[in-house]
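Using the sequences plus the hints, can you model the full thing?
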Amino acid sequence: MKNQTTAPHGWRAPAGRGAGGGEFAAGVARILPLLIAVVVYGLLFGTLAAQKGLSPLETALMSATVFAGASQFVAVEIWTSPPAILLLGATALMVNLRHMLMGAALAPFLQGWSRGQIYGGLFFMADENWAFALQRTAKAPLTPAYYLGLALPLYGGWIACTTLGAIFGGFVQDPARYGLDFAFTAVFLTLLAGLWKGRRSLQPWLVSALVAVAAYLLLPGVWYIALGGLAGALVGAFQGPPPAAEAAPPAAPREAGDDT
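Numbering (my numbering), first residue to last: 16 to 275.
Careful: at least some of the hints might be erroneous.
As the list claims (entries may be wrong) - Simulated restraints on C-beta separations:
{"no.": "1", "residue 1": "Pro-98", "residue 2": "Val-250", "range": "35 to 41 Å"}
{"no.": "2", "residue 1": "Phe-124", "residue 2": "Ile-51", "range": "24 to 30 Å"}
{"no.": "3", "residue 1": "Tyr-231", "residue 2": "Arg-130", "range": "37 to 43 Å"}
{"no.": "4", "residue 1": "Leu-47", "residue 2": "Tyr-231", "range": "31 to 37 Å"}
{"no.": "5", "residue 1": "Gly-127", "residue 2": "Leu-225", "range": "37 to 43 Å"}
{"no.": "6", "residue 1": "Tyr-231", "residue 2": "Gly-104", "range": "17 to 23 Å"}
{"no.": "7", "residue 1": "Ala-119", "residue 2": "Lys-154", "range": "20 to 26 Å"}
{"no.": "8", "residue 1": "Thr-152", "residue 2": "Ala-224", "range": "21 to 27 Å"}
{"no.": "9", "residue 1": "Tyr-231", "residue 2": "Ala-52", "range": "48 to 54 Å"}
{"no.": "10", "residue 1": "Val-250", "residue 2": "Thr-95", "range": "33 to 39 Å"}
{"no.": "11", "residue 1": "Pro-48", "residue 2": "Ala-122", "range": "36 to 42 Å"}
{"no.": "12", "residue 1": "Gly-131", "residue 2": "Asn-111", "range": "18 to 24 Å"}
Calculated from the structure, these hints are not laboratory results. From the three backbone atoms N, C-alpha and C, an ideal C-beta is built for every residue, glycine too.
So this is what it looks like as structure tokens:
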């Protein structure tokens, strides 16, 4: 989530299949159902930002340049006037340390991408499109156009909804009263279910959850997010590759835009 709604310099669509082609459309179709939840927690974030004194313009700029819902929610929670820049920056860094692990998990599937396409992908990488991109790799190559189809609607929708939330935030004084605060959690539970790969997934997930809960109870700040993710990644690394029988994913229905 960075400069404006235009893609970063250097991003270019794959030869023969432009951004308006089947791969891009397939990515858009994949991410669209999730945007319903993004609308809810985007409006929620904008409401919280307005209650902390941020203007709609400031909220839009934060969403466009940070583009990380979790760290934005945490930043708003500890927001002061004037803002403590170093504290906000350090907190956002801790919350987003998991992106190092996410990028490492995605890296093997970026073979053939240009440097500009890789940097563009990292620019737009968020939990939601990262999860859908990994799901895609189980059945088809991950192309830049497909990834951009996942990323652009999410990026634009996040900026629009958080800005609207800031504009109309005064009308919802207590979002938790209506259960809107659960939308953020619900999205991540849905993404988690989509990444389930059988019993091998249970051990790293369980260790990650236990470490995160322990860190939340014992340590100040948001270290539980980074420590939980790191613990799960280490357990998964020590597990090694799956047996040959499990390595090949079952045949999956083809999505719109898949090559014939």
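Results of checking the hints against the structure:
1. The beta-carbon spacing between Pro-98 and Val-250, approximately 37 Å, falls within the hinted interval of 35 to 41 Å.
2. Evaluation of the 24 to 30 Å hint for Phe-124 and Ile-51 yields a pass: the beta carbon distance comes to about 27 Å.
3. Evaluation of the 37 to 43 Å hint for Tyr-231 and Arg-130 yields a pass: the beta carbon distance comes to about 38 Å.
4. Range check, Leu-47 to Tyr-231: Cβ separation about 33 Å, and the 31 to 37 Å hint holds.
5. A C-beta distance of roughly 39 Å is found between Gly-127 and Leu-225, which places it inside the suggested range of 37 to 43 Å.
6. For the pair Tyr-231 and Gly-104, the beta carbons lie near 22 Å from each other, so the given range of 17 to 23 Å is met.
7. At about 21 Å, the beta-carbon gap between Ala-119 and Lys-154 stays in the expected band of 20 to 26 Å.
8. Take Thr-152 and Ala-224: their Cβ atoms lie about 25 Å apart, and the range 21 to 27 Å holds.
9. For the pair Tyr-231 and Ala-52, the beta carbons lie near 23 Å from each other, so the given range of 48 to 54 Å is not met.
10. Taking 33 to 39 Å as the suggested C-beta distance range, the pair Val-250 and Thr-95 conforms, at roughly 38 Å.
11. Range check, Pro-48 to Ala-122: about 27 Å between beta-carbon atoms, so the 36 to 42 Å window is missed.
12. A hinted range of 18 to 24 Å holds for the C-beta pair Gly-131 and Asn-111, which are about 22 Å apart.
This entry does not satisfy hints 9, 11, going by the numbered hints stated previously.
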